[in-house]
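Asker: Chain residues, written in single-letter form:
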Amino acid sequence: AQSVTQLGSHVSVSEGALVLLRCNYSSSVPPYLFWYVQYPNQGLQLLLKYTSAATLVKGINGFEAEFKKSETSFHLTKPSAHMSDAAEYFCAVSEGWDMRFGAGTRLTVKP
Amino acid sequence: NAGVTQTPKFQVLKTGQSMTLQCAQDMNHNSMYWYRQDPGMGLRLIYYSASEGTTDKGEVPNGYNVSRLNKREFSLRLESAAPSQTSVYFCASTPDDANSIGELFFGEGSRLTVL
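Protein chains in written order, with my numbering: chain A, 1 to 111; chain B, 1 to 115.
This is chain A alone, in the form it adopts within the complex (with noise of 0.2 Å):
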């Protein structure tokens, strides 16, 4: 099955500065990838997705993610960080209806 693995559990950084979220697939066939958002005592939304139409995918809030073929990476990222983007991020790969998420990271945003 195919997987993803999130590098770092948190990470923090001080408003204003980039962020920089690391996840990377493992997968035999050109995958379907998805970034979620989950803010405290919330499910999970979706922040973006990437479906082999384009390898810089924007999404909301500011964030956007590239597709690497040769680093099999899919990270997001934003130029400047906001108080309300504190919450944890999850890197997912969709084979099917089979989709899996990795572990997750904790973003803080310091002021």
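It should be emphasised that the hints constitute simulated quantities derived from the structure, not laboratory data.
Take these hints with a grain of salt, some might be off.
[Stated by the list, open to error] Not everything, but these chain B residues come out facing chain A in the computed CB check (under 7 Å): (1) 10; (2) 19; (3) 40; (4) 41; (5) 42; (6) 48; (7) 52; (8) 53; (9) 88; (10) 90; (11) 102; (12) 107; (13) 108.
[As the list claims (entries may be wrong)] Here chain B is said to cover these stretches of chain A; the calculated rule only asks that three of the stretch's residues, wherever they fall, bring their Cβ under 8 Å from a Cβ of chain B: (14) 44-55; (15) 88-94; (16) 99-109.
[As the list claims (entries may be wrong)] What follows is a set of in silico ranges between Cβ atoms, one per label pair, in the way DEER data are often shown: (17) B:39 <-> A:84: 34 to 40 Å; (18) B:30 <-> A:110: 19 to 25 Å; (19) A:29 <-> B:86: 33 to 39 Å; (20) A:27 <-> B:63: 38 to 44 Å; (21) A:60 <-> B:12: 32 to 38 Å; (22) A:110 <-> B:67: 44 to 50 Å; (23) B:63 <-> A:1: 37 to 43 Å; (24) A:1 <-> B:39: 36 to 42 Å; (25) A:98 <-> B:63: 17 to 23 Å; (26) B:103 <-> A:111: 49 to 55 Å; (27) A:54 <-> B:80: 48 to 54 Å; (28) B:98 <-> A:60: 31 to 37 Å; (29) A:60 <-> B:27: 14 to 20 Å; (30) B:111 <-> A:5: 25 to 31 Å.
From the three backbone atoms N, C-alpha and C, an ideal C-beta is built for every residue, glycine too.
Got chain A sorted already, so can you dock chain B onto it with the hints?
Answerer: Just chain B, lined up with the frame of chain A:
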């Protein structure tokens, strides 16, 4: 918009007790999921249902049963709860069109503690 509704939100059980987690969606989706979320492990799929009357095992189905009696509702049952089933459970559904692959809509979760 109600979206995906889960009940109960919190539950405490003793080892060996049984209970059912309820999930209902009002978005007319065929596909529904049950996940469990544990610290450091992300979300793991318990069961999936493609439509009414059909279910498939996911990554961690042992100790659980599911029922998809109609299009709206997908329930998860623990017949004999164990402490290892202490977790947060999420129900999700997804639209049926090909452009929406992987776009899951989640409920707010059900926090279960087994003593």
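Asker: The structure should be examined with respect to each hint, and the outcome stated for every one.
Answerer: Hints and how they fare:
no.: 1; hint: 10; in the structure: violated (11 Å)
no.: 2; hint: 19; in the structure: violated (20 Å)
no.: 3; hint: 40; in the structure: holds (6 Å)
no.: 4; hint: 41; in the structure: holds (6 Å)
no.: 5; hint: 42; in the structure: holds (4 Å)
no.: 6; hint: 48; in the structure: holds (6 Å)
no.: 7; hint: 52; in the structure: violated (15 Å)
no.: 8; hint: 53; in the structure: violated (16 Å)
no.: 9; hint: 88; in the structure: violated (10 Å)
no.: 10; hint: 90; in the structure: holds (6 Å)
no.: 11; hint: 102; in the structure: holds (4 Å)
no.: 12; hint: 107; in the structure: holds (5 Å)
no.: 13; hint: 108; in the structure: holds (5 Å)
no.: 14; hint: 44-55; in the structure: holds (count 5)
no.: 15; hint: 88-94; in the structure: holds (count 3)
no.: 16; hint: 99-109; in the structure: holds (count 6)
no.: 17; hint: B:39 <-> A:84: 34 to 40 Å; in the structure: violated (23 Å)
no.: 18; hint: B:30 <-> A:110: 19 to 25 Å; in the structure: violated (44 Å)
no.: 19; hint: A:29 <-> B:86: 33 to 39 Å; in the structure: holds (36 Å)
no.: 20; hint: A:27 <-> B:63: 38 to 44 Å; in the structure: violated (29 Å)
no.: 21; hint: A:60 <-> B:12: 32 to 38 Å; in the structure: holds (36 Å)
no.: 22; hint: A:110 <-> B:67: 44 to 50 Å; in the structure: holds (46 Å)
no.: 23; hint: B:63 <-> A:1: 37 to 43 Å; in the structure: violated (21 Å)
no.: 24; hint: A:1 <-> B:39: 36 to 42 Å; in the structure: violated (22 Å)
no.: 25; hint: A:98 <-> B:63: 17 to 23 Å; in the structure: holds (20 Å)
no.: 26; hint: B:103 <-> A:111: 49 to 55 Å; in the structure: violated (33 Å)
no.: 27; hint: A:54 <-> B:80: 48 to 54 Å; in the structure: holds (49 Å)
no.: 28; hint: B:98 <-> A:60: 31 to 37 Å; in the structure: violated (22 Å)
no.: 29; hint: A:60 <-> B:27: 14 to 20 Å; in the structure: holds (19 Å)
no.: 30; hint: B:111 <-> A:5: 25 to 31 Å; in the structure: holds (27 Å)
In summary, the numbered hints that this structure violates are 1, 2, 7, 8, 9, 17, 18, 20, 23, 24, 26, 28.
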